[in-house]
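2 protein chains.
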Amino acid sequence: MEKKHLPLVLEEQGSFFIGGERVERTAIELGIPAFGAGHITINQMYVEYMIPATEDRRIPVIMVHGGTLSGQSWKTTPDGRMGWDEYFVRNGHPVYIIDQVSRARSGFDPAVYNNVREGLAEPSSQYSIFRSTDELTWKAWRLGPSYGVPFDDTQFPVDAAGELSKYNVADLNAMFPAPGPNPTYSALSRLALQLGGAVLMGHSQGGAFPMQASYINPEGVKGLVLIEGGAALNGLTDQQLATLTKFPILNVYGDHLDAESGVPGFSRRALFDGCLDFIEKINAEGGHAQMLYPPDLGIFGNTHMMMFDKNSLTIAGFIKDWIDNNVQL
Amino acid sequence: MEKKHLPLVLEEQGSFFIGGERVERTAIELGIPAFGAGHITINQMYVEYMIPATEDRRIPVIMVHGGTLSGQSWKTTPDGRMGWDEYFVRNGHPVYIIDQVSRARSGFDPAVYNNVREGLAEPSSQYSIFRSTDELTWKAWRLGPSYGVPFDDTQFPVDAAGELSKYNVADLNAMFPAPGPNPTYSALSRLALQLGGAVLMGHSQGGAFPMQASYINPEGVKGLVLIEGGAALNGLTDQQLATLTKFPILNVYGDHLDAESGVPGFSRRALFDGCLDFIEKINAEGGHAQMLYPPDLGIFGNTHMMMFDKNSLTIAGFIKDWIDNNVQL
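As they're listed, the protein sequences go chains S and R.
Be aware that the first sequence starts at 120, since it is given in my numbering, and climbs by one per residue.
Be aware that the second sequence starts at 120, since it is given in my numbering, and climbs by one per residue.
Since the hints were made in silico from the structure, they are not lab data.
A couple of the hints might just be wrong.
You can't tell identical chains apart in this list, so a pair holds if it fits in one copy or across any two.
What the hints assert, rightly or not - Straight-line distance between alpha carbons at most 20 angstroms, and here's what the computed DMTMM-like set of lysine to aspartate or glutamate pairs gives:
| # | residue 1 | residue 2 |
| --- | --- | --- |
| 1 | K365 | E404 |
| 2 | K123 | D175 |
| 3 | K258 | E143 |
| 4 | K123 | E174 |
| 5 | K365 | D443 |
| 6 | K429 | D278 |
| 7 | K258 | D377 |
| 8 | K429 | E282 |
| 9 | K429 | D198 |
| 10 | K429 | D271 |
Can you make the complete structure from the sequences, with help from the hints?
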């Protein structure tokens, strides 16, 4: 096998869970009635990590994936290149990847589905389970103007779009849940505290999660990186705004903001403009927020999935430099 | 942070998918009707891997988790010790961990659930989604004779039983599916071929998967390690039996086989006895099958989850030695 890189030298790697609640479920709710009722754990959050073996240890980075995705967002790209996880580890940062609660390795509560199956609950009480299509993904993630047609300057490795389709993991409970905060928020807050301080990086549907974690307890939050998600003034309380001035915040947007999104009523340009207002307001309140918008640097064609784009490590390098220059441990 | 081990030096690590089919789904089947119909990929299998940086490279090992679990079975133990993944990598073996199709990061097809929700399919057409309780797990996985009571000699780190509960990830389509072979079988076969030959290790509900993969194409299969699962004569065709003589097979069972299982009609002792018959028959047909039963070596108290037991690396060491001594690349 061809050696692509120098060896990756880790002090430690592995996995664990944060949070979770022990609940009682009926025999029917557990799917095989003959096996009986009992207790299960729900709302735990899966975490996997790599810690570099280096004397020049930097601040840990917690990476939160977006909608219809899992923690694999941060691992190998669809065309087989190094993910942001390894890039940050090679640059001295311990990296913690999570799967959002109720998705992928974080598991989920099957009770409502099994109750519906047995006629004990109305079918409409069951959550919608959303998966994005290849067609919608192409436009909403801005690979190109219409399905199968890339932008001339796209940075996405379009030959690997079929692989991207395989990254799709639907959410079972948390995206369209019963009222109440997503359990991933508190799990992230606890993880940051447990690490003694971390940068929280969120993408897309997970973009707001680092902000939400900081509202629960800002102590472990040393900086936020919000990638095409989260940052908006709409609905922010004064207390939340005050919290967001306590640490540096980097916002990141790709190119082709005016492309037709494919999602009714959704405009990436509007989110970008809202993010600029957010930055202005945070800074007016004494905070430290910035925008990384590669077209301003003469870099064009980045998509919503910039961690998979052909220039993914260039973008990662900007983020790494920003962390090293702005975040205090 | 205390340094537990020498650094782990990897030539490469990452993730990819094997297999998958592109299918068309209606707008309702995809969960958010306003987003429209389109194509998604189903039946892909998630794979993550670590390749050691060593001149003394051994044969790759593919690890297949059991029921109600994910690939995390092979990673860090519930009490925070090194998993079998890292142990085999540190001993020169590239390791490939999968999530079974329709579980965890392999994703799943939400169509039937969304059709039921919208009244377009009968609730009974929806699959049962099985999660095991803490109570059932304790007995079925032989931590002790009754819930909360460990065997005196148990090897399981019982203080971490609450963490074990968090490893539970239900299967969405594949365990109780429409007729047809589990797509994980062919994905495993393809993975073994792609690696140019591998040892396939399966556990419990996934114990038969390596055998199934070998029936599809034995060429990539250089050896099987079947841990409390799979190996039985019942239902084997002559052709399958002939295939199973082509490579060495190690079967592994823990202790306390006569403990009450908690599962109606299920006896681990009966499976063990069936496995001994299997071994005898394979060897009578010219094959090479063996049993690793630690009590025969004076090692007692191992559970169904021997990759998490306190002596997990002792068991892993026996398996590694067997591979190194019996499997030809």
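We went through each hint and held it up to the structure:
1. K365 <-> E404: within (10 angstroms within a copy, 72 angstroms between copies)
2. K123 <-> D175: between (24 angstroms within a copy, 19 angstroms between copies)
3. K258 <-> E143: between (43 angstroms within a copy, 18 angstroms between copies)
4. K123 <-> E174: between (24 angstroms within a copy, 16 angstroms between copies)
5. K365 <-> D443: within (17 angstroms within a copy, 56 angstroms between copies)
6. K429 <-> D278: within (11 angstroms within a copy, 46 angstroms between copies)
7. K258 <-> D377: Within one copy only: 11 angstroms inside a chain, 58 angstroms across chains, cut-off 20 angstroms.
8. K429 <-> E282: within (15 angstroms within a copy, 39 angstroms between copies)
9. K429 <-> D198: Only inside one copy: K429 and D198 sit 9 angstroms apart there, 39 angstroms across copies, limit 20 angstroms.
10. K429 <-> D271: Within one copy only: 14 angstroms inside a chain, 57 angstroms across chains, cut-off 20 angstroms.
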